[in-house]
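Q: With the hints as your guide, set chains B, C and D onto chain A.
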Amino acid sequence: MSSEPTIELVDIYKSFGSTRVLEGVTLPLFPGEVHSLMGENGAGKSTLVKIMAGLHLADQGAIRMDGHEVLFRSTAQAQHAGVSVIYQEPTLFRDLSIAENVFMHRQPKTPYGWIDYAAMNRAVSAHLKQLGVSLRPEDPVLGLSIADQQIVEIIKALTFEAKVLIMDEPTAALSVEEVKRLFQVVERLRGKEVAVMFVSHRLEEVFAISQRITVMRDGRVVGSGPVKEWTTDEVIRKMVGRSLEALYPKEKVEPGKVVLRVRDLRRAGVFKDISFEVRQGEIVGLAGLVGAGRSEVARAIFGIDPLDSGEVSVSETTLRNHTPQDAMAAGMGLVPEDRQQQGLVMEMTATRNVTLTVLHQLRRFGLVSREKERQIAARWTQRMLLKGHIEEPVNILSGGNQQKVVLAKWLATEPRLLIVDEPTRGVDVGAKSEVHRTLGQLAKEGMAIIMISSDLPEVIGMADRVLVMHEGKLTAELSRSEATEEAIMFAATGQAASKTKLREMKNVPDPQE
Amino acid sequence: MNPRAFAQTFVAVLSLTGLGTIGYGQDKPIKKDLKITCVPKNINNPYMVTQSNGAMDACKELGEQGKVVGPSETGASAQVPYINTAITQRQNAILIAANDPNALVPYLKKAMEQKIKVVTLDSDTAPEGRSIFINQASAEGIGQSLVQTLAKAIGNSGDFAILSATPNATNQNTWIKYMQEELKKPEYKDMKLVKIAYGNDEDQKSFTETQGLLQAYPNLKGIISPTSVGIAAAARYISTSPYKGKVVLTGLGTPNQLREFVKDGTIKEFELWKPADVGYLAAYAAAQLCSGNIQGKEGETFSAGKLGNRTVGKDGVVLLGPPTVFNADNIDQFNF
Amino acid sequence: MSQNQTGTSTRRLARRVSWETMLAGLLAIAILGGALVNRDFLTVENWSNLLANFVEIALMALPLSLIVITGEIDLSVASILGLSSSLLGLLWEAKVAMPLAILLCLLLGAAAGALNGFLIVRFRLPSLAVTIGTLALLRGFAYILLGDKAVADFPPEYTAFGIGVIPFTFIPMPFALFIILAVVFWILLHHTTVGRRLYAIGGNQTAALFSGVDLKRLKMLLFIASGAISALAGIVYTFRFSSSRADNGTGFELSAIAAVFLGGVTVQGGKGTVTGVVLSLLLIGIINNVLTLADVANEILRIVTGSLLIASILLPNLIASTRERWRVRQRLREIAKFGAASTAK
Amino acid sequence: MFPTHKNEFKSGSTGLGWLNVFLRSREASLVLLIAVLTTVTTALNPRFLSPQSLKDLMLNVSIIALLVLGQTVIILMRQIDLSISSIVGITAFLSGTLFLNHPGIPSLVVVAIAILAGLLLGAINAALIAWGKIPALITTLGTLYIFRGANYAWVHGRQVNAANVPGSFLAIGTATFLGIPILTWIVLILLVIFAIGLRQYRAGREYYAIGSNPTAAVLAGINVSRRIATGFAISGAIAGLAGALWLARFGTVDATAGEGIELTVITSTVVGGVAITGGVGTVVGAVLGALLLSVFSSTLVFLRVPSFWQQAFQGAMLLLAIALDAYLAHRHAMRSRVKWSHV
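The listed protein sequences correspond, in order, to chains A, B, C and D. Per the working numbering, residue 1 is the first one in the first sequence, and the count goes up by one each step. Per the working numbering, residue 1 is the first one in the second sequence, and the count goes up by one each step. Per the working numbering, residue 1 is the first one in the third sequence, and the count goes up by one each step. Per the working numbering, residue 1 is the first one in the fourth sequence, and the count goes up by one each step.
Isolated chain A (complex conformation) (with noise of 0.2 Å):
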């Protein structure tokens, strides 16, 4: 432990509404150390990462720089007073110059006033090369991978001169070279004395960085220790804490008829030689990083986003156009990732959300009859044991509930295969059992579902078979006996193929092409 704190949080307490996200977390940041945060999904980490950028106020506890009580308001506050946050998403001005993106609203000015833009490209231009990206300060953000455009946020941050970086999950969407560069570019901080706190669901990249971890679970700080007090497995059994049997009640069901074939899929740029198979009866976990085209595959299978190559075939029949429609028409239904931007008609009551997929069956007489609209409703939502009215907007209610509700509309349209794409993301625990009760429940009546999940223990615990994902590509299928976390974290890094470039991940040259 080299000195005070940079940074420190105190007890916090957050919750929304009836939802409790944070409970008494106490988390410090030291300088010129990388201090990893890890837990579950919907341990809490993004509200604490939301709560240190100034985007939320914490309900209750303190935040304290260098020994002195902070609040910050606004997302301003926070970075005038030294805080720079990278988000999972760049949130950049994607029409305008990197450089510009960089010094937006501080531009360097020359003494006449007038922007210098020589001396913010020569800022940004050094930047550039002491991360030996080879971009030009004058290039437009539009056109850049999400991994340059992690960059230009990074540089954002460092001229800033923050005293604290926090990064959520910035390695999610980044290739193997790029994590390295990264990499390279956090020592270099480090040795400048900042204060890191890296979000990551990347065990080898978090030993492979940090000084210190801390593991969160159900919004509870659960361990936190010295990196050299660590191990893989501690840190896992920590994340998951609890008896995976207890969880997850999948019962063993003998598989039926294939339902869903799909071969040689490819998109351009997103995923290719994807092919796999359901069964009835069947859970298939498909795991793998975020960014390795897990969800991508989903979409395209459903058919919202097209294909460039490939067959989906549902109970033997090859679908031919590629539309959701056919999809639902064949017995498709996919939960997507997002419910509120995906998943929901948020100003609408949960009822119309419900029948939203199965209008077809609410016409009497060609019109709509509320009647059929509210059985139907009830039904469904019923079997999810939602709480709350049907008759009210969805955006009242609780995550737990708002994905209950996008279930309940899925069952409604009684698939044969269900995709449920990250089905408990930021769920509190009761409605997460309850989701895994009904998928159990739902595999035993003889649906096939695909589970697309980021939290393993999950995964593991109610899939009969994982496929891995990374890179766009399948890695790996493994039975239920073979699929541990190491396994498919094995896979999803793609150490497989190339295990010796994670171990040189953390200093070696950067080979310039």
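FYI, nobody ran anything at the bench for these hints, they're computed from the structure. No experiment lies behind these values; they were computed from the predicted model shown. C-beta: ideal position from N, C-alpha, C; glycine also. Be a bit skeptical, because a hint or two may be false.
As the list claims (entries may be wrong) - Sample of chain B residues lacking proximity to chain D, with all beta carbon distances greater than 10 Å (derived):
hint	residue
1	153
2	188
3	221
4	273
5	335
As the list claims (entries may be wrong) - BS3-like, lysine-lysine: derived pairs with alpha carbons at most 30 Å apart:
hint	chain 1	residue 1	chain 2	residue 2
6	C	95	B	195
7	B	221	B	268
8	C	149	B	221
9	A	372	C	216
10	B	221	B	152
11	D	55	B	268
12	A	444	A	257
13	B	244	D	55
14	B	177	C	95
15	B	177	C	149
16	B	109	C	149
17	D	133	A	50
18	B	263	D	55
19	C	95	C	149
20	C	271	A	372
21	C	149	B	314
A: Same frame as chain A, but now just chains B, C and D:
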């Protein structure tokens, strides 16, 4: 017994007893307190305002209740609500300068069915839509004289263009028709009408249309603009361009708007009647119609205050009289 | 907690129904005011004029409401009206049988709408920009078709439809057409699955897509419907005034859009009712009529319409933002209490 | 799923061929188009390049170009201002009345008052949009009605004639300096000021930022409401100036001055490369867009194309411009999709 009723009875008695003047009861006094609605093409056009003011002056003179209402745009249908309102308000007469010769007819007919007298002025509708049309000048006369004026100035030969108001303005189209008739005469065989442009009675549009005419037709010798908005805009453009003195401009316009252009030589001669008189005459005609002195039949004569007696011509047209020709010698005598 | 939730929902519910109620209230005030100010207001002829006056705008406002509910806009409606009117004149002059001419006009309108839909749906162009373009383009076509001509001598049996009333009532025939279509649209929006889909598209386009709503086809159909009904409005206009001109209906798009917004359809989409739009049309029509009867100058009406339009959104916004500010202040006070009086910097 | 289409012509990508070099800069392609149009028309009718014709062309485009400056600022922020034509109408008549009622009033004072009046009207828009949170489309549609209605009520049938306006003021619209009309000089100077302001000042860049990504703009600490408000105030002030210059140019002003020009201005701006989805474009491009439209309509006149065709052409051009923008943006998106080279 109120005075009006008394007067009516008195007149009736007089005519019954044969003491009245011989004729069609022309000496019946004009009724007072008639409700007369004047609907100009639109309420923003200064020419229309002058004309409506003339009508209001006549109403005041006669003791009628006159009012001016109207749309702010010149679409075919824009005047209809005002006609309907006049019907609802049980007005006695409607004076209207029609934006469209046909669109208003069904509604004016409805008004006439309700015993409302309809007088058109400035721009006519189809004859079945009104009793009397106050023609500011003989259309034929205007067509002829404008062509003659231009021919004189350009020596009976060369290209010329017409700058009109809206493509659908009745009066404009009638005048243009007579101009084309006149051009068929052998003495104009060397004169060619190359284009009819439309300035929509908007100043800026007329201005740029003039520009376009002069650019597209380099041999253009003259422009006839039979609309006060058009001629003023055309004059303004020409006076500040090299075409000044080379291109002859004539047409219909008000002396006040064109005074400086006559003096600087942009325009030699132009014509117009007094717009206020058109309104004045229309109001008188309406009052006479309401008083039962005339029906709008050919040959009827009625008195029109300061304008003296007028006779109803064919199709119920009442002519105001020959237009005044303005030039550098006389323009300072006029102020309107 | 649950009590709190029901509380919010009733407030929400109240806010949702209140716009139509408020319009109905304003309508009642306008009628009452009209009757008091002018004794001619409540006459049969006046009402028949009043209803006929805005019938074209009312027709166009119906499909337009649905388009705005899906989060798009169509500014080209009045140009389609003019184009259809011009074509009708041209065909009639060319001695084409009237029923065929009417059919061709409707088809042309549908084609014009399909052009809008094609550009917006297939090429994903912003509908505002596209329909500003077709506003000019289609009006241009009308001028190319008819130029400075005006066709007037339409057959009396058709113009009789334009100016006539339903026997034994004061309801103008074109307005009856509007009522029929309004009922059709009301059923469509509120009582069919299509309406459910339209609201879903406007509320969250992505979620609608993920729910299997064929939004491309629906939007395409809406623009085609808008084109066809605008063409129908053009036909009504032509018969009502027995006049076919290229400039017919210039500027009507603004009145139609104003009526839609005033009717409670939000520009972001997802909200609004046919009832609200019909009420707002009536309200504008009545205010227009009352002011004209009272010989109030035409320009005041523009001011009133514009102000109503702005007020219709400003008032709810102000109420919401005041409430929000109050909540934030409350929250900050709580934090100050719990968080042991601390400030940034 | 539904990307907001943006265009970008300064792409640093390589190997795109001559067409893309040409398309990459909207300004260059506009200049080229204008040059081609001018050459063709001049070949058919040499008078197209006569001094008088050029002067008329410059005068015709000037007021539109001036309004385009203000509209560019607005559209850059993903907003729209429909009310400019009504502001022009009011301030044009206001300027005329000032000359009429106060003979001898200095022209500069009149112009200043017109700008101030425009600013005031723009501020009404600004307050409603930035703080009343009413979408710009609705607000300015409403004020388009209100301002024009107020103008009608105030002006009624009156008219200000050239005779009421001092010759020195009218000279702005007729006199030339170095062969270029004074009016055009004024617009050129403002163009330079706007170009510098939008390029060289933080505030200017923030207009781009807001249109490009409003959320990111908030995160960058930009006061978005205030920026939007100043944008509408600027647009109003510009429209006020345009009103005064309208009087100088046409001499005669009645209540209808400027009616309908908002669509021409928006079309010019979009044709000039300012994306209707915000964040992209320059004032120079937008003014070139106005010039292109103006040259185009002049060409139609010179080639004696019936004036009835003009409007259709203008609409077709706008559609072409946005379709082109969308096409370029789409191709750009396709190129940037490739995340892993091996896939």
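Q: It remains to establish, for every hint, whether it holds in the given structure.
A: Now for the hints, and whether the structure bears them out:
no. : hint           : in the structure
1   : 153            : holds (22 Å)
2   : 188            : holds (23 Å)
3   : 221            : holds (16 Å)
4   : 273            : holds (19 Å)
5   : 335            : holds (13 Å)
6   : 95/C to 195/B  : holds (29 Å)
7   : 221/B to 268/B : holds (14 Å)
8   : 149/C to 221/B : holds (27 Å)
9   : 372/A to 216/C : holds (27 Å)
10  : 221/B to 152/B : holds (12 Å)
11  : 55/D to 268/B  : holds (26 Å)
12  : 444/A to 257/A : holds (14 Å)
13  : 244/B to 55/D  : holds (15 Å)
14  : 177/B to 95/C  : holds (25 Å)
15  : 177/B to 149/C : holds (14 Å)
16  : 109/B to 149/C : holds (24 Å)
17  : 133/D to 50/A  : holds (26 Å)
18  : 263/B to 55/D  : holds (25 Å)
19  : 95/C to 149/C  : holds (16 Å)
20  : 271/C to 372/A : holds (23 Å)
21  : 149/C to 314/B : holds (26 Å)
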